[in-house]
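**Q** Residue numbers (our numbering), protein chains in the order written: chain C, 9 to 295; chain F, 20 to 76.
Note that these hints are calculated values from the structure, not bench results.
Going by beta-carbon spacing under 7 Å, a handful of chain C positions derived as facing chain F: (1) 15; (2) 17; (3) 18; (4) 66; (5) 67; (6) 68; (7) 69; (8) 141; (9) 143; (10) 144; (11) 261; (12) 263; (13) 264; (14) 265.
In this text, a Cβ means the ideal position worked out from N, Cα and C, and glycines have one as well.
Listed below, chain by chain, are the residues.
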Amino acid sequence: MNIGVLYSRIRRDEKLLLNELRERGHEVTKLDVRKLRFDLSEPPAALSACDLVVDRCLATSRSVYATRFIDSYGVPVVNTPETAAVCADKAENSLALAGAGVPTPRTEVAFTKETALEIIESFGYPCVLKPVVGSWGRLMAKIDSKSAAEAILEHKATLGHYEHKVFYVQEFVEKPDRDIRVVAVDGEPIAAMVRSSEHWLTNAAKGAHTSEFELDGTARDLVARASDAVGGGLLGIDLMETGSGSYTVHEVNHTVEFKALDEATSIDVPARVVDWLEAVATQEVVA
Amino acid sequence: MCYMAECIECGASVSLHDDVEAGEIIDCGTCGSELEVLETDPVALDTAPELEEDWGE
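Chain C on its own, in the form it takes in the complex (with noise of 0.2 Å):
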C-alpha cells in the first residue's frame, strides 16, 4: 500500500511511523504540508499515489484545513476532517464529550473579561484558565486568587491573539499527581500510561514521570465513549482519576503523540498503529 505521512517535522513519533511503515514493505509518500497547494477541485500531484493518509501535522491550522481539503478530494485520510475540527478546539472537544454523557470537568466559556471573572469566582479558587487552542501545556492558568485572575485576565485580552479572548474557564481537578494518556484507535486502547509530576501539569512535554497503566473496565469504557464524541481514529485521550476509580476525560487529541508511551510500555505502539492504517487502508481499497 502506499500511505501518505502528511508533515511539516519529523518528530520521533513520525520516525517511528515510518521505520514501521517501510519495514513492513509499503510505499510512504512524505508529504510536506508546508509544500503543497490545495485548489478547490484538484488534488496536489503527491496526493495521486496514496492509498490513505495519515495527518501527522505538527500545526493544529495546518492539520484542520489540510485534512479538510485532502478529504474534499476523496482522498482517504485519518484522522477525518471532523474530528481534527472537534479536537483542535477545547470548547469544541469539551461540547462533544459533555453531549455524549461522557464525564468532563466542569467548564464555561465567555468572551469578555468581566463575565470571565464572573464565572472564576463562582467556580472558585484554584480554577484553569486555558487557551482553547494550544498544547503541551503552553499558556495553562492555575488560578489561586481573584487579583491573580484579574491580572491574567487582562493579560490575554490586551496582549493575545483573537483567540484568547475566547476564556475557556475550567474547575481545577485535584488529581493524584498524575493523569492518565491512552492511545487508541477508534476506542480500542493500544496502551496506557500514567504521567506523574508534582506540578499541576502533568503533560510529557513539561518533564511529567511516564510508567504503564493497566485500564480497568470502566476507563476502558469512557475511552471508547470519548472516541465516538469526536468521531473516531487514532486519538490520545486524557483522563483524570477523581477517587473511587471514577475519571474525568478532559482531552482528546488528534495528531496524538506516542513516543513517550512507546517508551513507558511493553507494547510495541508504531506496530499497533500501523496494523489500524493498514486495516483502515484496506477497508479504503475495498470500498
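Got chain C sorted already, so can you dock chain F onto it with the hints?
**A** Okay, now just chain F, sitting in the frame of chain C:
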C-alpha cells in the same frame, strides 16, 4: 555510517545518522542551534522553524 554536514549558524561539523529523514530536526553539538534537514542526498540544512502557538498534538 553517518553523513557529515556543516552547521549553517556556526560552521561546525554536524554528524547525521544514515537513516536521517528530510524534515527531521537536529541539534548542532557546537552552538546548540536547532537545524532542519531539508534534503538528505546531498544533505542540506536550514535553521529550524521557531515554535508556533498552535503546535502540539
